Amino acid sequence: MVSGAYASSLLVDMMTKSELIELIAANQQHLAYKDVELAVKTLIEHMSEVLSSGERIEIRGFGSFSLHHRPPRIGRNPKTGDPVVLPGKYVPHFKPGKQMRERVNSSRDKPYRLGGSVRP
Amino acid sequence: MALTKAEMAERLFDELGLNKREAKELVESFFEEIRCALEQGTPVKLSGFGNFDLRDKNERPGRNPKTGEEIPICARRVVTFRPGQKLKARVETYAGNVKQ
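Heads up: the protein sequence lines correspond to chains A and B, in order.
Residue numbers for the first sequence follow this note's numbering, so the first one is 1 and each next one is one higher.
Residue numbers for the second sequence follow this note's numbering, so the first one is 121 and each next one is one higher.
It is possible that some hints are incorrect.
Unchecked claim - One side of the interface only, derived from the structure: several residues of chain A facing chain B at Cβ under 7 Å:
1) Met14
2) Met15
3) Ser18
4) Leu20
5) Ile24
6) Gln29
7) Tyr33
8) Lys34
9) Ala39
10) Gly54
11) Arg56
12) Ile57
13) Val85
14) Leu86
15) Lys89
16) Val104
These aren't lab readings, by the way, just hints derived from the structure by calculation.
Please read all numbers here as calculations on a predicted model, not as lab measurements.
Where is the CB? At the ideal position from N, CA and C, for every residue including glycine.
Take the sequences, apply the hints, and build the full model.
Here it is in structure tokens:
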């Protein structure tokens, strides 16, 4: 797969990890595909590891990832309606950076895709 | 202390033996390709981590919090992140204090 034209292809509904690897490999011709594949997996693992240790990730122009706390609450068993105590937990949170916000918004006139369907 | 691109490149250098320049370019390319896809209206799905989705927001009334003055917030496209099951499960059990 060739870089650049890829994301604008109307055949593409969503970019997956393997497509991302192909794009990066096309830009980094001196690296073998297998190396790029391992590198992308290493980056994603590094980011997951850092977030699950409670640390933030800050990528200028892209965004930051952090944890938000969800306090304990009383839920319900949907079948029986019985109250269930749900303990507090942490959830990952992403805040887009300035450049990301501006670039995403610049394509507002074009349709975007989600799960195979083109939205108006 | 937050994770930055420099440390991510360092990890590629340490673990994969990429040279410093290759590692730096690869990290840059990783984030840039995700941004490019989103800029083109293509959502990004990184299995095991999460999805970057797009949403179009309508114009809505807003307010300057300092002056109380009413200013409309114009229609815009935004990116949202939906963490995947695997990442959610790993993060959920975190018990310590979050370093902000």
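Hint check:
{"no.": "1", "hint": "Met14", "result": "5 Å, holds"}
{"no.": "2", "hint": "Met15", "result": "4 Å, holds"}
{"no.": "3", "hint": "Ser18", "result": "9 Å, violated"}
{"no.": "4", "hint": "Leu20", "result": "6 Å, holds"}
{"no.": "5", "hint": "Ile24", "result": "5 Å, holds"}
{"no.": "6", "hint": "Gln29", "result": "11 Å, violated"}
{"no.": "7", "hint": "Tyr33", "result": "13 Å, violated"}
{"no.": "8", "hint": "Lys34", "result": "11 Å, violated"}
{"no.": "9", "hint": "Ala39", "result": "5 Å, holds"}
{"no.": "10", "hint": "Gly54", "result": "5 Å, holds"}
{"no.": "11", "hint": "Arg56", "result": "4 Å, holds"}
{"no.": "12", "hint": "Ile57", "result": "4 Å, holds"}
{"no.": "13", "hint": "Val85", "result": "16 Å, violated"}
{"no.": "14", "hint": "Leu86", "result": "11 Å, violated"}
{"no.": "15", "hint": "Lys89", "result": "5 Å, holds"}
{"no.": "16", "hint": "Val104", "result": "5 Å, holds"}
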